[in-house]
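Enquirer: Assemble the complex: chain A is given as a structure, and chain B must be docked to it using the hints.
Those protein sequence lines, which keep their order, are chains A and B. Once you know that position 15 of the first sequence is 15 in our numbering, the rest is easy, because the numbers rise by one and skip nothing. Count along the second sequence starting at 1, add 290, and that's the number in our numbering.
No lab work stands behind these hints: they were computed from the structure.
Below, computed lysine-lysine pairings styled on BS3-like, alpha-carbon distance capped at 25 Å:
| # | chain 1 | residue 1 | chain 2 | residue 2 |
| --- | --- | --- | --- | --- |
| 1 | A | Lys180 | B | Lys557 |
| 2 | A | Lys180 | B | Lys486 |
| 3 | B | Lys395 | A | Lys8 |
| 4 | A | Lys210 | B | Lys561 |
| 5 | A | Lys180 | A | Lys95 |
| 6 | B | Lys395 | A | Lys3 |
| 7 | A | Lys95 | B | Lys561 |
| 8 | B | Lys557 | B | Lys486 |
| 9 | A | Lys99 | A | Lys198 |
| 10 | A | Lys198 | A | Lys95 |
| 11 | A | Lys198 | A | Lys210 |
| 12 | A | Lys180 | A | Lys198 |
| 13 | A | Lys95 | A | Lys210 |
| 14 | A | Lys210 | A | Lys180 |
| 15 | A | Lys180 | B | Lys561 |
| 16 | B | Lys561 | A | Lys99 |
| 17 | A | Lys99 | B | Lys557 |
| 18 | B | Lys561 | B | Lys486 |
| 19 | A | Lys180 | A | Lys99 |
| 20 | B | Lys557 | A | Lys95 |
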Amino acid sequence: MNKLYSNKAIIAILVAPGLLMFLFAVLAPICLSVYYSLTDYSGLGSFDMIGMANYQELIKDETFWLSLRNSALLAVGFIVIQHPIAILTAVVLDKLQSKAEGLLRTIYFIPNVISVAIIAYLWRFVFNPNFGLLNNLIKSFGGEGGINWLGSGYAIWSVLIVLIWHGFGWGMLIYYAGVKGIDPALYEAAYLDGCDEKRALWHITLPMMKPVIQVNVTLAIISALKQMETVYLLTRGGPGNESQFMANYLYEQAFRSFRYGYGNAISVVFIIICLLATLIMNRVFRERKA
Amino acid sequence: MNKKKKLTPGRIVLILFLIIVAVVQLFPLVWLINFSFASNTEIFASSSLLIIPEEFKIDNYIKAFTDGNFLHYLFNSLLVNTLAVLIVLGISILSAFACMRMRWKLSGLVRTILLLGMMIPIHATLLPNYIIFDSLKITDTLWALLIPYVAFSLPQGVFLTSGFISSLPYEIEEAAVIDGCGIFRMITRIVTPMLKAPLVTVAIMTYLNNWNEFMMAMTYLRSPTWKTLPFSVLEFTGQYISNYGAQFAVMALTAIPAVVAYIILNKHITKGVALGAVKG
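Pulled out of the complex, with its shape left as it was, chain A reads as follows (with noise of 0.2 Å):
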């Protein structure tokens, strides 16, 4: 047995698949980018070595800023909207034990499995100022409508609205199999104590459900870094760069104004942001856990 699971050359093949993608299409484009945010280059013909030109710009540039604090807001709104009505529908859902639990749980997932280029566009139509279901719905409740959601002053929030809702059934089944996970002679010690359901829910489900929560705020932060999709195809960011994001920022700087080498700076700073977060939120859940 020894010998054989300590044989180098298995190891070595075993390991080889897994290694070479992880170098060919991670680390590589890595590297690449690090080189090329270095230069000038524009995407085509020819270019120079600039320094750390790029990086400078980048601290100085109001758009990275405005673009890291629209992540900031997804993710408080993650956070302080979409999660607390996923644990309640959650906890809701597992208290009532009816006959609809299960289709209950399917209708709020299945946003999640559509495309993001069919939500993204559904969206556009919900937005719309001339036929869009919320300018429609604000009517019958004797409003105005006609307003522009993804003009400037409404675009950012808009793309919020879109991303919790979008995300919501995520959630709610991560919470949901955290609830399950409970073991429920708790409950029924506490009952027999004469506990009532609120104090069950503070004292019981919320702190046993503490772990599930911390990942759940860690990816939803991360998240919250990561988002593009939705917002390359409902605004592209902008009007303006009101509703900006970094990836989706790098992504214009490259293909639309030229600046392949900028956007390779962002790109860089993007995935150091991205490690950093990761970190510090494991190190913050880490230390209140010991």
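Expert: Only chain B this time, still in chain A's reference frame:
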């Protein structure tokens, strides 16, 4: 348990809450289907939430089906995603077995490296990969989609399978070794069948992640040869820019395969998401 099933006021409030959430999640989709059967004039005249079309414009769907390249793109999506899933599963099993079972010094380090991909934002590789793929002449081929899809689903695959492998008892493998079983037969015949549960999860997560992807496809593909299902929507809406009914129809149509698959595989997907997400 002292759970009452009577309709108390409290219970009604809770049920109402669940229904409101369900309506918010579902109504935009109901609206989508409703408007997909309407004509342009009806859509622009609408001021109520839903409309009853004078005639159900099946024509919208016929246009969407033929001019949206529906079957061609659906086939591409199925092909790319199935290949990606199979490759991810294969590589995950091999890497996980090597890192968790084989005895060598760097096993921990290699596993960490393989998991690192989980933290890298996929869109940060769009620009450099474009240049790499272009210089390798694989833009506009199946590889341009397959490679990044596999690479970015692999970390989760390795994570889930390696977690599961480490919980398997050694005795079975020991017995197999005594019977003269080699490593590769061990992996294919003995270990893989025991990994069914995590492999189903990995397959589902890989499908869910990549089925809806279009940023890579948009960047690395030019011709329609390998384009995937989201392009039915993206291209058709550009082509029928003033025919709103048909645009609604193409969205409803392209949503169908995923929704049907979800309803059929409901239980597995629910379990898969729960398992796949708790990776902390």
